[in-house]
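2 protein chains.
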Amino acid sequence: MTDFEFWSPTYFAFGKGKETCTGELVRRFGGHKALLHYGGESAVRSGLIGRVKESLSSADVEFVELGGVKPNPRSSLVEEGVRLALGNKVDFVLAVGGGSVIDSSKAIAIGAANGGEWRKFYVGREVKVRPAIPAALSVGVVLTIAAAGSEASTNSVVNLEPENLKRAAGGNILRPKFAVMNPELTTTLPPFQTACGLADMFAHICERYFTPTKDVELTDALCEALMRTIVSEGAKVMANPDDYQARASIMWAGTLAHNDLCGVGRVQDWASHGIEHELSALYDCAHGAGLAVVMPAWMTYVHKSDTARFARFARNVFGVGLGVSDEDAALEGIAAFRAWLKSLGLPLTFAELGAKKEDIPILVKTLNLNGNTLGGIMPLNEADVEAIYNLCNA
Amino acid sequence: MTDFEFWSPTYFAFGKGKETCTGELVRRFGGHKALLHYGGESAVRSGLIGRVKESLSSADVEFVELGGVKPNPRSSLVEEGVRLALGNKVDFVLAVGGGSVIDSSKAIAIGAANGGEWRKFYVGREVKVRPAIPAALSVGVVLTIAAAGSEASTNSVVNLEPENLKRAAGGNILRPKFAVMNPELTTTLPPFQTACGLADMFAHICERYFTPTKDVELTDALCEALMRTIVSEGAKVMANPDDYQARASIMWAGTLAHNDLCGVGRVQDWASHGIEHELSALYDCAHGAGLAVVMPAWMTYVHKSDTARFARFARNVFGVGLGVSDEDAALEGIAAFRAWLKSLGLPLTFAELGAKKEDIPILVKTLNLNGNTLGGIMPLNEADVEAIYNLCNA
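Chains A and B, in that order, give the protein sequences. Mind the numbering: the first sequence is residues 21 to 414 in this note's numbering, read in order. Mind the numbering: the second sequence is residues 21 to 414 in this note's numbering, read in order.
One thing to keep in mind: the hints can contain errors.
One copy or two, either will do: identical chains are not told apart, so a pair holds if it fits within one copy or between any two.
Unchecked claim - Calculated lysine to any residue pairs in the SDA-like style (CA-CA distance at most 20 angstroms, straight line):
id	residue 1	residue 2
1	36	234
2	234	398
3	36	237
4	197	29
5	36	235
6	234	263
7	197	158
8	36	23
9	109	80
10	234	252
11	36	287
12	256	22
13	234	35
14	53	106
15	234	335
16	256	233
17	234	22
18	385	402
19	197	27
20	324	287
21	256	237
22	362	248
Please keep in mind that the hints were generated in silico from the structure rather than gathered at the bench. This structure is a prediction, so every number in the text was calculated from the model and none was measured.
My request is simple: use the sequences and hints to build the entire structure.
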């Protein structure tokens, strides 16, 4: 176990109808005038935005609103949000949505607190040191999909236009002040979105679980417990979208998968996320779908760097690879992981994702390794990344 | 899963030598003048108190000090601390020690922020609703034993004199602002104290795991992962007190066992803690030792109220009870739990603890149920509690 700092101060209000507490929570965490940020019209049509507005008004929180966040949130809307926030002197950003809305809100929160400057903090992949963010408005969340974990994470990922680069900012300053989590809000999601969320939260644990750090027994055990739960409860929500209890398990799992409870005391990997972000930037595919393609390919490519760990993954998460060699167990585990992703209806290849082999040089180039390496369990150079993209195409 | 609120805002600085950051952390969380509160002379002799004072001075944090906290912390010292805090206008209470020091510090923090009043908030057992604490000074912790979890919990337990009643206060307001956790500080603990700590943290999970709430699969899995780790890593620290990695696992486990990560979304029990507190109040025994006597007796008495859950405990935590009926598995699990406690060198009976059968009526009386019941998985009346004390004596 390495030394670590851990701080997860987000207040969670979890359960049915909790969105009616939103206004009170904005006040409790110092907000008086909020930018209400959300995605498509479905949140309006469902009545959720109306209930949130009512809650804000009841708590005497003024607000301006900006909808229209798309998956892989765009920098142009962030710019609009920053102008709106500065022009209206808001002191709080309230995200009603999933990871894209929250990440866009975090970017606006940075820009509004730094005289409009936010883009310079989105400079690298998760594994690189970024400039410290000096200030940010407080962010609160009403979560509508169990997936990205951004409701408690230190991170924000935005698609920077016009270059079309998906880049991340990070720091404890970006942890939301509160997250309202009502599992009922997720029961109407299309199955494909639910599945993408499951892949994303599972990947967030893998990025931490596959580590070169030794002696992290406790967090290893927590990671495995979370991954097993995502698999078992995920099967329930796919079979029965209205299963409130399974939805609740998955929603809380998505948060714990990325508030770094599973990452403390260890070197983390994040190569798969770096490799995937180029896919969702270029093809505008769902991040979780991209991860379903990249993660098994990455596992196949790197597993020999720590065969015993991949064997443990197979045995403790998927219950396969018992009574065989570590190498065979590792391969059985990767196969079980692919089979699980397939059972969710997710793409597993470039062709199924809509990606093209001939774009691989572009993907490698925009990843912009610049002679650096990517990942923790096996540091990857450009040739390694190219090989992994080729495995995705297989 | 029930609806829940969860807020664990404590900042953790974990690793070797982290106590040198103490002063900086007091400043970061708003402290300018601290009451430095600690236990016996060992912390002074070891040089720890000296290093902490140096860190405070380097960060321009003034301080007054009050040592002398004993296990089962006494109200008289709390009173002295409150007078000292008010007289010196401190704005922060810094606990350097384990659960008793932290709990005493929390009581002082309440008293200092409420014109000397603190005792009225210590009115009941953990399971009962207590008056809300309107204010408390900020508390920070330098932890020296992996045990009570008070470094991140909402609770404080104090021995109220002269009645000699062990009573608790609680609320998010009592969560420490930061906890400095250096596993090296725990390597010199006497084996019996290490063992008591292991029993205490394991019990904190049991109090949550044994619940009448259904569909808490995720937190069940997290509870089991933590309990298995405490057993496996606990064996390592008992065999080799200098095993830094195992000490680190245990230290972090003690925190996660009681910051309520394992308790969200479920009715909790806490009967064993209530029953034990009367023992440590009357005999001044170590809380963990008292729990080692009470918990297996409690399990034996209540297991039929949910045999399937006790069977799951046996199978998923101790790996026993496979291929037999749930009833047999439950009994095998309780036996495995007792065997584990015995392997730690902990007492298992009244005689080994130094308690007396003839005191049982006193214990039941001071528990003061007043017609109410105790516990969640099986609500216990006075007769039940008496029966459990008698099982402890068996």
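### Task
Check residue 256 against residue 233 for me: Cα-Cα at most 20 angstroms, and say if that holds within a copy, between copies, both or neither.
between (34 angstroms within a copy, 19 angstroms between copies)
### Task
With 20 angstroms as the alpha-carbon cut-off, assign the pair residue 234 and residue 35 to within, between, both or neither.
The answer is between: 15 angstroms across copies meets 20 angstroms, while 37 angstroms in one copy does not.
### Query
Between the shortest in-copy and the shortest cross-copy C-alpha distance, which are at most 20 angstroms for residue 385 and residue 402: within, between, both, or neither?
Classified as within: same-chain Cα gap 9 angstroms, cross-chain 73 angstroms, threshold 20 angstroms.
### Task
Since the copies are identical, ignore which copy is meant and state whether residue 36 and residue 237 lie within 20 angstroms (CA to CA) inside a copy, between copies, both or neither.
Result: close only across copies, 18 angstroms inter versus 35 angstroms intra.
### Query
Should residue 197 paired with residue 27 be assigned to within, between, both, or neither, using CA atoms and 20 angstroms as the limit?
both (12 angstroms within a copy, 10 angstroms between copies)
### Task
Could you figure out if residue 197 and residue 158 sit no more than 20 angstroms apart (CA to CA) within one copy, between two copies, both or neither?
The answer is both: 6 angstroms in one copy and 19 angstroms across copies each meet 20 angstroms.
### Task
Could you figure out if residue 53 and residue 106 sit no more than 20 angstroms apart (CA to CA) within one copy, between two copies, both or neither?
Result: close within a single copy only, 11 angstroms intra versus 38 angstroms inter.
### Task
With 20 angstroms as the alpha-carbon cut-off, assign the pair residue 234 and residue 335 to within, between, both or neither.
For residue 234 and residue 335, only the intra-copy Cα distance (18 angstroms) is at most 20 angstroms; the inter-copy one is 27 angstroms.
### Task
Using 20 angstroms as the alpha carbon limit, work out where residue 36 and residue 287 are close: within a copy, between copies, both or neither.
Between copies only: 17 angstroms across chains, 37 angstroms inside a chain, cut-off 20 angstroms.
#### Entry: residue 234 and residue 398: within-copy, between-copy, both or neither at 20 angstroms Cα
within (14 angstroms within a copy, 42 angstroms between copies)
### Task
Could you figure out if residue 256 and residue 22 sit no more than 20 angstroms apart (CA to CA) within one copy, between two copies, both or neither?
between (36 angstroms within a copy, 18 angstroms between copies)
### Task
State whether the alpha carbon distance between residue 197 and residue 29 is at most 20 angstroms within one copy, between copies, both, or neither.
For residue 197 and residue 29, the Cα distance is within 20 angstroms both inside one copy (7 angstroms) and across copies (10 angstroms).
Hint violations for this structure: none, all hints satisfied.
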